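Chain by chain, the residues:
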Amino acid sequence: MNGRGAAISLRIAQAIPVVIGVIVISFLLTRALPGDPAVQFAGAAATPESIEQVRQSLGLDKPLPEQFIIYVGQLLQGDLGQSVSTGRPVIQELAARLPASLELTLVALILSCAIAIPLGILAATRPGSWVDQLCRLLVTAGVSLPTFFTGLVLIYVFYYLLGIAPSPLGRLDFIYLDPPHVTGFFLIDSLLDGDPATFMGALRQLILPAATLALFTLAPIARMTRTAMLSALGADYIRTARAAGLNRGKILYGYAFRNALLPVVTTLGMVFSFVLGANVLVEKVFAWPGIGSYAVEALVVSDYAAVQGFVLAMALLFVVLNLVIDLAYSIIDPRFGADAK
Amino acid sequence: MTDQTSTAPATPAARHAMAAHMLYVCRENPVTAASFVMFAFFILSALIGPYVVPYDPLATNSAIALQAPSLAHPFGTDNLGRDVFSRVIVATRLDLIISVLAVAISFVIGSILGAISGYRGGWIDSVLNRVLDTIMAFPLFVLAMGIVAAMGNSVTNIIIATAIINIPFYARLVRAEVSIRREAGFTLAAKLAGNSDLRVLALHIFPNSLPPMMVQVSLNLGWAILNAAGLSFIGLGVKPPTPEWGIMVAEGANYIISGEWWMALFPGLWLLLAVFTFNLMGDGLRDIVDPRRRT
Numbered sequence: 001m002n003g004r005g006a007a008i009s010l011r012i013a014q015a016i017p018v019v020i021g022v023i024v025i026s027f028l029l030t031r032a033l034p035g036d037p038a039v040q041f042a043g044a045a046a047t048p049e050s051i052e053q054v055r056q057s058l059g060l061d062k063p064l065p066e067q068f069i070i071y072v073g074q075l076l077q078g079d080l081g082q083s084v085s086t087g088r089p090v091i092q093e094l095a096a097r098l099p100a101s102l103e104l105t106l107v108a109l110i111l112s113c114a115i116a117i118p119l120g121i122l123a124a125t126r127p128g129s130w131v132d133q134l135c136r137l138l139v140t141a142g143v144s145l146p147t148f149f150t151g152l153v154l155i156y157v158f159y160y161l162l163g164i165a166p167s168p169l170g171r172l173d174f175i176y177l178d179p180p181h182v183t184g185f186f187l188i189d190s191l192l193d194g195d196p197a198t199f200m201g202a203l204r205q206l207i208l209p210a211a212t213l214a215l216f217t218l219a220p221i222a223r224m225t226r227t228a229m230l231s232a233l234g235a236d237y238i239r240t241a242r243a244a245g246l247n248r249g250k251i252l253y254g255y256a257f258r259n260a261l262l263p264v265v266t267t268l269g270m271v272f273s274f275v276l277g278a279n280v281l282v283e284k285v286f287a288w289p290g291i292g293s294y295a296v297e298a299l300v301v302s303d304y305a306a307v308q309g310f311v312l313a314m315a316l317l318f319v320v321l322n323l324v325i326d327l328a329y330s331i332i333d334p335r336f337g338a339d340a341k
Numbered sequence: 001m002t003d004q005t006s007t008a009p010a011t012p013a014a015r016h017a018m019a020a021h022m023l024y025v026c027r028e029n030p031v032t033a034a035s036f037v038m039f040a041f042f043i044l045s046a047l048i049g050p051y052v053v054p055y056d057p058l059a060t061n062s063a064i065a066l067q068a069p070s071l072a073h074p075f076g077t078d079n080l081g082r083d084v085f086s087r088v089i090v091a092t093r094l095d096l097i098i099s100v101l102a103v104a105i106s107f108v109i110g111s112i113l114g115a116i117s118g119y120r121g122g123w124i125d126s127v128l129n130r131v132l133d134t135i136m137a138f139p140l141f142v143l144a145m146g147i148v149a150a151m152g153n154s155v156t157n158i159i160i161a162t163a164i165i166n167i168p169f170y171a172r173l174v175r176a177e178v179s180i181r182r183e184a185g186f187t188l189a190a191k192l193a194g195n196s197d198l199r200v201l202a203l204h205i206f207p208n209s210l211p212p213m214m215v216q217v218s219l220n221l222g223w224a225i226l227n228a229a230g231l232s233f234i235g236l237g238v239k240p241p242t243p244e245w246g247i248m249v250a251e252g253a254n255y256i257i258s259g260e261w262w263m264a265l266f267p268g269l270w271l272l273l274a275v276f277t278f279n280l281m282g283d284g285l286r287d288i289v290d291p292r293r294r295t
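Residue numbers (my numbering), protein chains in the order written: chain A, 1 to 341; chain B, 1 to 295.
Same shape as in the complex, but just chain B:
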């Protein structure tokens, strides 16, 4: 029964109820509300950051190298005299693009694979499960390293590698959601009404798996950022002098033992905040889409 309400087009009343529920969740759980605010901040940084930062993120000036945070340079300057604050803000766009693209690719491919295998079953299902098991048999970060090393060291390949290691999570989720609805009453009714398999799958069954998928996307975005930043920390993908959080932490790492903490701290902190935001948002979204699964 509940399945049908969620596939039905949202009436104004339903939309109003949804907004009211979101407002209720935000008021009940201030942490979720805070995560939405922080998410807006990161999106804004990505959109307009490069135009509003006080300094050129690539402009070097050896006269002011390695200065501690001050009013002129709130996050200090790095070993080449570049403003760390400007670099951290400008880096937001690249980090978000990498993770959002990677998650989007794994979402689409994972959904298609999972939906087909959950709907058809049989040998397609067994083959897909074997392939997914094999991907999961690798420690995922190590597999990403191997893929980037094999395909070539570029940002595009970082995105592809991150997408590949995330596909199993989406494919399994969609497969489970689709296969429990394969024989459901509304599916059979849609088929009897003469809809094609593709139409039934895409318009009647798949939309039901979207709520748990959105939670997965949010949790996954944080993980994708961590993964991409980790890869660039070890020197894969993003090349200096491009501002990116992982590579900035790597550059700052050489100075931490001599006490210049700001070079590594601020990009690391931003990375941590971004991941934290996505994780909190994921928990909050879970409360919104499924109040029963609250922990």
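So that you can see chain A by itself, here it is in the shape it has in the complex:
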């Protein structure tokens, strides 16, 4: 069996204990805490009968290990409980809102990578120049920006002062109809539908929240790109490549950047953790109908099952994203799996 395939399956297998750990913590968050979980799950307007009903359905009258088995059983059937505020199953609510969150997060990440990586490379190839200074300034300022505050400043400048951004309310202005549901991503669905007006409408709504998130993630990516490029450019193989007379582009992108990409991809894992958290705040600021603003609404009305379902869904999403990053690593790095035996 080849080393690469084995290493990839090993990496996938390593995700399993993490998923189990995540489920255990989610379970502890719902059950093993002070107060009566049945009262919390039944919501603020519960009667004694409905509390008793919730107690039965969650198995709260049974010992803790047995409750855990019931919990896992319900999870496997995709049952995250009922949302008391809407009366629908939490899983349906999350599934309906997930594409909005994913579209926002992915566009933001693409945007910030498209700016941060070239910026980091430029800063590393010209240390001390104005690009380097700009990079340093952005990096320090970027990590200090509260996302919800940046979002509000952008709204004030581009909506109120300049009037070029649409009102910050959701994914699409009410003059447009939602594109027919294929992927749930409005940008893709409107293109599939051949409707450029809706596409532009969705894009206009998306730009400000995506820019807010991108500003927040710019800093760690740019910093890591700069550091990784600097250390790659100082390596012996670059000196050798220069001595062998290879052209500048080949040295920079064929050798240095390819090696620098590894730490950058690793940083992306940490960036995902930040971005999924910041997502909640940005969705609240822009009234973006994703799972983050759903969780915030649920928090306000103490919709307990909805919040815990959201936490679990986010954690599982994060585990999957980390797995994807590690698998991307295996594509970038030809050494991957060579020493895994």
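Because the hints were derived from the structure by calculation, they are not lab data.
Being a predicted model, the structure only gives us computed values, none of them experimental.
From the three backbone atoms N, C-alpha and C, an ideal C-beta is built for every residue, glycine too.
Among the clues, some could well be false.
Which bits of chain A does chain B cover? Going by a derived footprint, with three or more residues having C-beta under 8 Å, they are [said to hold, decoys possible]:
id, region
1, 9-22
2, 58-70
3, 103-114
4, 119-128
5, 136-148
6, 314-324
Assemble chain B onto chain A, guided by the hints.
Frame of chain A; chain B shown alone:
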């Protein structure tokens, strides 16, 4: 060799050299010096702010609601006619208390866990690593939301949640620092001299991990403030009308689309400055404790 000098009690000469080095760093890097000045300003605001602000931060007066910044109200007034400047300054204390307490708790618990697991190794180490990995498997802000939602919506629980999500950073740092010194010459010498494990760990090994920990604390404080303000922005923890930066930005958010920018801008700006100060200080402290790691 260098390890021993840093554990030795600071002689007057060493202390003088340290002060000279700090002065040198501040002169070389004015940004670091500025961050220390700003830090002093925030500490002062937290200590005496409530006694020197011109207005009562809770006093409402609908006659002067939503006034733009003026000489009488440098930061304007909010929708209930409260003075935004007074509220921003008074809020400093609560925001700093939340973040400092949270970081202190994670520092202590993280240090203990990390030191034990780095010193003992074996199954304790593996179990702790698994638990930390599981905490890190959550997007941290989302985990904090979940913890506060589960434990109840209060300022105490905001502090606990922020502490929990920060513990892995400290535990890992201490674990790494302790485990590389577990077999060091000075450790073995201290053991041979008849010191107990606890004494060796607490007095000989752990102090060596303090310099990198201080850098981490400073960077972490900024992050803890951001985190706590984010939680109160979405309505967790601090309740109105308590002045706190996150909740003030949330209250101002409703007025920004009608052009009343000062309600959200000033608390947001103060929050940003506080985080910026801690981040710059962290970079400066790194230069002081470890000149080699300068970027």
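Verification of the hints:
1. 9-22: holds (count 4)
2. 58-70: The restraint on the region 58-70 of chain A is violated, since only 0 of its residues have a Cβ under 8 Å from chain B and three are required.
3. 103-114: With 0 residues closer than 8 Å to chain B, the region 103-114 of chain A misses the three-residue bar; violated.
4. 119-128: violated (count 0)
5. 136-148: holds (count 8)
6. 314-324: holds (count 5)
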